[in-house]
Amino acid sequence: MNQIKLHWNNLEDIKQMYSVLVDTYEAGAIFIVTDLEKIIYKQVSAKFDPPGVEVGDLNKAGGVSDQVIKKQEVIDLSLAENVYGTRAIVTAGPLWSDDEKEVLGAWALVKPKVNKVVEAFDFFAPIIIEMFPGGGAMYVTDREKFLKHAGSDNFRDNLIPDGTPIKEGDLTYRCIQEGRYAYIDVTREVYGAYGRVSAYPLKDDDTQEMIGSFTLALPREIEVTLKEMAVNMEKGLSEVSAAMEEMAAAASEVSANQDGLHQEIEKVQNNANEINTVLAFIKEIADETKMLGLNAAIEAARAGDAGRGFGVVAEEIRKLSDESKETVVQIKELLDRVNAAIEKTMQMSNATLSNTQQVAATTEEVNASLEEMSSLAIQLDATAAQL
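Numbering-wise, UniProt numbering puts 337 at position 337 of the sequence shown, and it's gapless, one number per residue.
One or more of the hints may lead you astray.
Unchecked claim - The following label-pair restraints were derived from C-beta to C-beta distances:
| hint | residue 1 | residue 2 | range |
| --- | --- | --- | --- |
| 1 | Tyr25 | Thr164 | 25 to 33 Å |
| 2 | Asp122 | Val20 | 21 to 29 Å |
| 3 | Pro126 | Lys235 | 36 to 44 Å |
| 4 | Asn350 | Leu320 | 39 to 47 Å |
| 5 | Gln358 | Tyr183 | 47 to 55 Å |
| 6 | Glu209 | Tyr25 | 18 to 26 Å |
Unchecked claim - Distance condition first, Cα-Cα at most 30 Å in a straight line; then the derived DSSO-like pairs of lysine-lysine:
| hint | residue 1 | residue 2 |
| --- | --- | --- |
| 7 | Lys116 | Lys145 |
| 8 | Lys101 | Lys5 |
| 9 | Lys145 | Lys47 |
| 10 | Lys70 | Lys38 |
| 11 | Lys111 | Lys167 |
| 12 | Lys60 | Lys203 |
| 13 | Lys38 | Lys145 |
Worth flagging that the hints you see were computed from the coordinates, not collected in a lab.
Note that the coordinates shown come from a computational prediction; the quantities given were computed from them, not determined experimentally.
Ideal Cβ positions, reconstructed from N, Cα and C, are used throughout, including at glycine.
Use the sequences and the hints to build the structure in full.
Next up, the structure:
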């Protein structure tokens, strides 16, 4: 188009051609013709009719028409929002006299400059949003307001309508002002479910100027539930672990007490054995005493009447010896029963000590498993936070 020279005398043909062409552009377009002073013709499309552009408006100094007439060449411009109310791309050129020696006016084709994401939003957003298992919502904005939206069925009641102004300080505002990705986690009160809202800055392809944002809102119910489960599991495991540690300490204390009891029982058994030794010695003494009494009785009998009193004493000595022997037998029987009870107690003590040690070992193993599960719960919490 930069090499084409349009002539003033062909203006009617040019008008007819662009009356059709303006509607072929996806985002619409406007075609303007001016003479050297003012706008004399305007053809708009159904999608694009910027305010403040009317037939009869004077050419502005430094404006598009003024530049074309002065430069006498086709120019391409990228205009900010303050000219036509939206960012625009303009291709404009002079209208020549038939001999191409004089510029009699100017023509301009103005198209809204639409970001590629904004332009394709209506196509890709409804498709992609349904691909998320939990659904979600998508938005595109310019620097001031929400332009378009798409949402899954579970987000219908919480969608932000098109045209809603961007509030100063909210996520989208911060994303545009800072020119970088930003996100926030929201509660059920905002979208009816736990979610994460992420905003990405949109920039002009040519100037890299911030022109808006692309925002994605996704539910995080599964992640939050997993996180809560992980926290609860970790808390429960910590409590069980503490209880197991107390149990292990108690088992260790029981084991120590049982070991002390075992030692005391051994002492009692040793004392009983010593008593048996003493009883055996007493029995020997009793046997010898009886023999002495018997010998004394024999000697008393030999002495006759003179030894009668001594014979009575000898008889009493024999009786005492017999009673001592019977007492020794009774004591030995009791000691045998005590020894049997001690032996049984020793066996039970050994079994209890072994079981207590096994309980302590098992408790340590369970505690180690609980620590491993607690570590897994922490990892699950970290994984849920990354989802």
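For this session: Take the C-alpha atoms of Lys70 and Lys38, compute the straight-line distance between them, and say whether it is at most 30 Å.
Result: Between Lys70 and Lys38 the Cα gap is close to 15 Å, so the pair holds against 30 Å.
For this session: Please work out if Lys60 and Lys203 have their alpha carbons no farther apart than 30 Å.
Result: holds, 29 Å
For this session: State, for the Cβ atoms of Gln358 and Tyr183, whether the hinted interval 47 to 55 Å holds or is violated.
Result: holds, 54 Å
For this session: Take the C-beta atom of Asp122 and the C-beta atom of Val20, compute their distance, and say whether it sits inside 21 to 29 Å.
Result: holds, 24 Å
Problem set entry | Range agreement (Cβ of Leu320 with Cβ of Asn350, hint 39 to 47 Å) | The hinted range 39 to 47 Å holds for Asn350 and Leu320, with Cβ atoms some 44 Å apart.
For this session: Indicate whether the distance between the beta carbons of Pro126 and Lys235 respects the range 36 to 44 Å.
Result: holds, 42 Å
Problem set entry | Whether the CB-CB distance between Glu209 and Tyr25 falls inside 18 to 26 Å | For Glu209 and Tyr25 the Cβ distance comes to about 22 Å; the hint holds.
Exercise. Under the criterion that the straight-line Cα-Cα distance not exceed 30 Å, is the pair Lys111, Lys167 satisfied?
Worked result: holds, 29 Å
For this session: Verify the proposed pairing of Lys101 with Lys5, using a straight-line Cα cut of 30 Å.
Result: holds, 12 Å
For this session: With respect to the beta-carbon atoms only, verify the hint that Tyr25 and Thr164 lie 25 to 33 Å apart.
Result: With a Cβ separation near 27 Å, Tyr25 and Thr164 satisfy 25 to 33 Å, so the hint holds.
Exercise. Given the proposed pairing of Lys38 with Lys145, does the C-alpha separation stay at or below 30 Å?
Worked result: violated, 33 Å
Exercise. Is Lys116 within 30 Å of Lys145, Cα to Cα?
Worked result: holds, 18 Å
In this structure, the one hint that does not hold is number 13.
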